[in-house]
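Given these sequences and hints, build the entire structure.
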Amino acid sequence: MSEIGVVGSRNPKDRVKLGSIGVALPGIELRIARDGELQARGGMVMRGYYKEPGKTAETIDGDGWLATGDVATVDADGYYAIVDRKKELIITAGGKNISPSNLESLLKANPLIGQVCVLGDNRAYLTALIVLDGQVAPAWASARGIPGRGIAELAAHPDVRAEIERTVAAVNARVSRVESIRRWTILPAEWTAESEELTPTLKLKRRVILDKYGPAINDMYTGDPDALA
Numbered sequence: 001m002s003e004i005g006v007v008g009s010r011n012p013k014d015r016v017k018l019g020s021i022g023v024a025l026p027g028i029e030l031r032i033a034r035d036g037e038l039q040a041r042g043g044m045v046m047r048g049y050y051k052e053p054g055k056t057a058e059t060i061d062g063d064g065w066l067a068t069g070d071v072a073t074v075d076a077d078g079y080y081a082i083v084d085r086k087k088e089l090i091i092t093a094g095g096k097n098i099s100p101s102n103l104e105s106l107l108k109a110n111p112l113i114g115q116v117c118v119l120g121d122n123r124a125y126l127t128a129l130i131v132l133d134g135q136v137a138p139a140w141a142s143a144r145g146i147p148g149r150g151i152a153e154l155a156a157h158p159d160v161r162a163e164i165e166r167t168v169a170a171v172n173a174r175v176s177r178v179e180s181i182r183r184w185t186i187l188p189a190e191w192t193a194e195s196e197e198l199t200p201t202l203k204l205k206r207r208v209i210l211d212k213y214g215p216a217i218n219d220m221y222t223g224d225p226d227a228l229a
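Quick note, the sequence shown lines up with residues 1 to 229 if you use the working numbering.
Honestly, the hints are just simulated from the structure, not real lab data.
Virtual Cβ for every residue (Gly too), placed ideally from N, Cα, C.
Take the hints with a grain of salt, since some may be wrong.
Unchecked claim - Capping the alpha-carbon separation at 25 Å, the derived lysine-lysine pairs in DSS-like fashion look like this:
| id | residue 1 | residue 2 |
| --- | --- | --- |
| 1 | LYS87 | LYS108 |
| 2 | LYS203 | LYS86 |
| 3 | LYS86 | LYS17 |
| 4 | LYS87 | LYS212 |
| 5 | LYS205 | LYS96 |
| 6 | LYS203 | LYS87 |
| 7 | LYS203 | LYS108 |
| 8 | LYS87 | LYS205 |
Unchecked claim - Listed next, with one range per pair, are the computed distances between beta-carbon atoms:
| id | residue 1 | residue 2 | range |
| --- | --- | --- | --- |
| 9 | ALA76 | ARG10 | 37 to 45 Å |
| 10 | TYR221 | ALA109 | 24 to 32 Å |
| 11 | GLY27 | GLY150 | 54 to 62 Å |
| 12 | LYS55 | TYR221 | 32 to 40 Å |
| 13 | GLU58 | SER142 | 51 to 59 Å |
| 14 | ALA143 | GLU58 | 50 to 58 Å |
Here it is as structure tokens:
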């Protein structure tokens with residue numbers, strides 16, 4: 001981030017840990033705040049935003065710690081890893097902080113799934129809107145003799161739904177119960193760069209998704225939460 005000047009951490013050439021952003025560089029301190037946010041302090045951190053003291057105070061506290069907006073973890077060797085953006089975190093009704101992007105990545109490891117939006121902010125459990133991959137899904141279906149090439153048809157096909165159910169179960173087995181996806185819905189249309197749901201760089205427009213699919217989302221929070229949708 002530009003507020004740190006150049007960089008605040010790196011992987012040493014002889015001690016690289018894939019998936020991490022490395023260790024703090026000399027002259028800069030890194031720490032994880034109580035809410036999981038990565039904070040930085042040192043000579044490389046900016047003094048403030050030009051003529052914006054209010055914004056500066058929101059970003060840098062009285063002790064000089066810069067709030068990066070990233071949620072991170074640190075291991076025993078001092079290597080930091082970015083988990084999510086703080087503004088993207090889901091806070092459940094029980095007060096648990098959960099990274100939706102981590103769960104979405106795990107689900108999208110199945111190439112049949114093109115896009116996923118995990119939901120559950122201020123809710124009792126997590127749910128997911130699932131979108132099939134427009135290129136992979138028809139080929140997957142054809143290889144199994146499944147009729148129907150359209151995404152809408154495939155989204156409703158029992159074999160496709162069974163495969164998604166297996167994928168969700170496999171992901172749930174890897175995470176804690178509070179992070180598990182209790183219900184899910186396969187949508188009958190793709191999300192693309194031209195659609196309302198994604199940015200030009202294919203990031204989720206979560207607010208748009210919440211508004212557009214409100215009824216489908218609400219349906220996942222009625223009835224038995226342990227029954228897959």
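Which of the numbered hints above does this structure break? Hint check: 9 fails alone, others pass.
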